[in-house]
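Asks: Make a model of the complete structure from these sequences and hints.
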Amino acid sequence: MRTLPGGEDWVLQPVTRGWCKYESLLDGTLGLHDVALMNDAIAVQADNEAAFRRKMERENG
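If you use the numbering used here, the sequence shown closes out at 74, no skipped numbers anywhere.
Keep in mind the hints are simulated off the structure, nothing from the lab. Predicted model only: the values in this text are computed from it and were never measured. A few of these clues could be false.
Here are the computed distance ranges between Cβ atoms for each label pair [as the list claims (entries may be wrong)]:
#, residue 1, residue 2, range
1, Glu21, Gln58, 18 to 26 Å
2, Arg15, Arg66, 21 to 29 Å
3, Gly31, Asn61, 36 to 44 Å
4, Leu39, Pro18, 14 to 22 Å
Glycine included, C-beta positions come from ideal geometry on N, C-alpha and C.
Replies: Right, dumping it as structure tokens:
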């Protein structure tokens, strides 16, 4: 998996998912605590989707 050299992908992940605008990060509308919360929610969503796929694969072969 490729990442940005300075780890900026963590900060930009909510932007790339369409959850917020880049300008909101630049102008201070959103802070790092907001980014952290959104990244946690993105991770939970990904975990839940993966668990659902595994469950469907077990049930449907």
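Asks: Each hint needs a verdict: does it hold in this structure or not?
Replies: Results for each hint:
For the pair Glu21 and Gln58, the beta carbons lie near 21 Å from each other, so the given range of 18 to 26 Å is met. For Arg15 paired with Arg66, a C-beta distance near 23 Å keeps the hint of 21 to 29 Å intact. About 18 Å separates the C-beta atoms of Gly31 and Asn61, a value inconsistent with the hinted range of 36 to 44 Å. Roughly 20 Å separates the CB atoms of Leu39 and Pro18, a value that falls within the hinted 14 to 22 Å.
Comparing the model with each earlier hint shows a violation of hint 3 alone; every other hint is respected.
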